[in-house]
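Number of protein chains: 2
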Amino acid sequence: MSKPHLDFWFDFSSVYSFLSAMRISPLAKEAGVDVTWKPFLLGPIFTAQGMKDSPFNLFPVKGQHMIRDVKRTADEIGVGFTWPDKFPQSSVLAARVGIVGLKESWGQDFARAVFVAEYSDNKDISDQAVIAGILTKLKIPVEATAAKAQSDAIKGELRDNTAEAQKRGFFGAPTFTTQDGELFWGNDRLEQALRWAKK
Amino acid sequence: MSKPHLDFWFDFSSVYSFLSAMRISPLAKEAGVDVTWKPFLLGPIFTAQGMKDSPFNLFPVKGQHMIRDVKRTADEIGVGFTWPDKFPQSSVLAARVGIVGLKESWGQDFARAVFVAEYSDNKDISDQAVIAGILTKLKIPVEATAAKAQSDAIKGELRDNTAEAQKRGFFGAPTFTTQDGELFWGNDRLEQALRWAKK
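Respectively, the protein sequence lines represent chains A and B. Take 9 as the starting number for the first sequence in our numbering and just add one per residue. Take 9 as the starting number for the second sequence in our numbering and just add one per residue.
Hints are supplied without guarantee of correctness; some may be wrong.
Since the list can't tell identical chains apart, any single copy or any two copies may satisfy a pair.
As the list claims (entries may be wrong) - When the alpha-carbon atoms are kept at most 30 Å apart in a straight line, the in silico DSSO-like pairs for lysine-lysine are as follows:
(1) Lys11 x Lys79
(2) Lys163 x Lys145
(3) Lys207 x Lys70
(4) Lys111 x Lys163
(5) Lys175 x Lys79
(6) Lys79 x Lys207
(7) Lys206 x Lys70
(8) Lys163 x Lys70
Don't read these hints as lab results, they were simulated from the structure.
Work out the full structure, taking the sequences as your base and the hints as a guide.
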């Protein structure tokens, strides 16, 4: 029997993706589930569903509550959280670099560092200097990585991930999918998705 | 020190309120938290926020997923679930009778029975005969209870609950509130709300 597996679909612009990115590795290890990290873009999916902005901005009463909700969960899991001055942020650059890293060995560390920059340290992750700073800290060559991230292959992979997400009926992030085709939406479904993957 | 306390705000039309109603009593007992059940009406709150129908109907991709999501959670907690032919259902009658029952001794049993009728047994809870059947099964006098439910005092209490919910920035159900003013939204925040209440 092959090892249980879960796909973790996330967008670097999504604050609940941040919470899952900070939690998933130890939980999956404890559960004995392999996880594949899959960056995608929520923007085109929201647009296709008639939403022209983040749901946080479209539904302000709910949006204000969500900041408090994220803060409480971040406190419980021991992760610093500051609502960024700029929201939502463009996640295209981070996602492309993330895909490069996930093919190499540093993708998950990079992803966590990007989320921390954005949601703990109030940085703008669409800024090339912020991404370069993260790469440098991880001892990853900046120029060579930037060149790979702008290659047709990497751009195409991000487009493909996004197209697949849309085709499969995603409507938010994070989303978890299992080998047998189940879809779980939201950081609060991570544990349930891991239980399902083990069935 | 007084015993930790949580208010459980629910609408009989809300399927996630159903899940919480079936879970909250044993969890609260284990946590040592007293719970007050507070029926209110989501309809006026959604209308004030620009939504003229259930979010399940307004966002169909998400709505279809939610049915699957509820089914999985209902299976995990061991509760039967069938998506009702009629959704959303008017919950005014059930809420008024529920408020009568919560002042007497049978309110929580009635509430659970209403939710089971609606979401396990595909009954229409706006139907007086369905409510009368539930009361009869609980050995509660139907005529006398119906008269109380239509009194100005009970109607006023439901209006007051709804007005308070709106004033406090509710945007969905279930919602849990603590003595120190924290608001938690959603069945998936029940455990977190209980932890907070105990702080």
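- Violated hints - listed by number, lowest first: none
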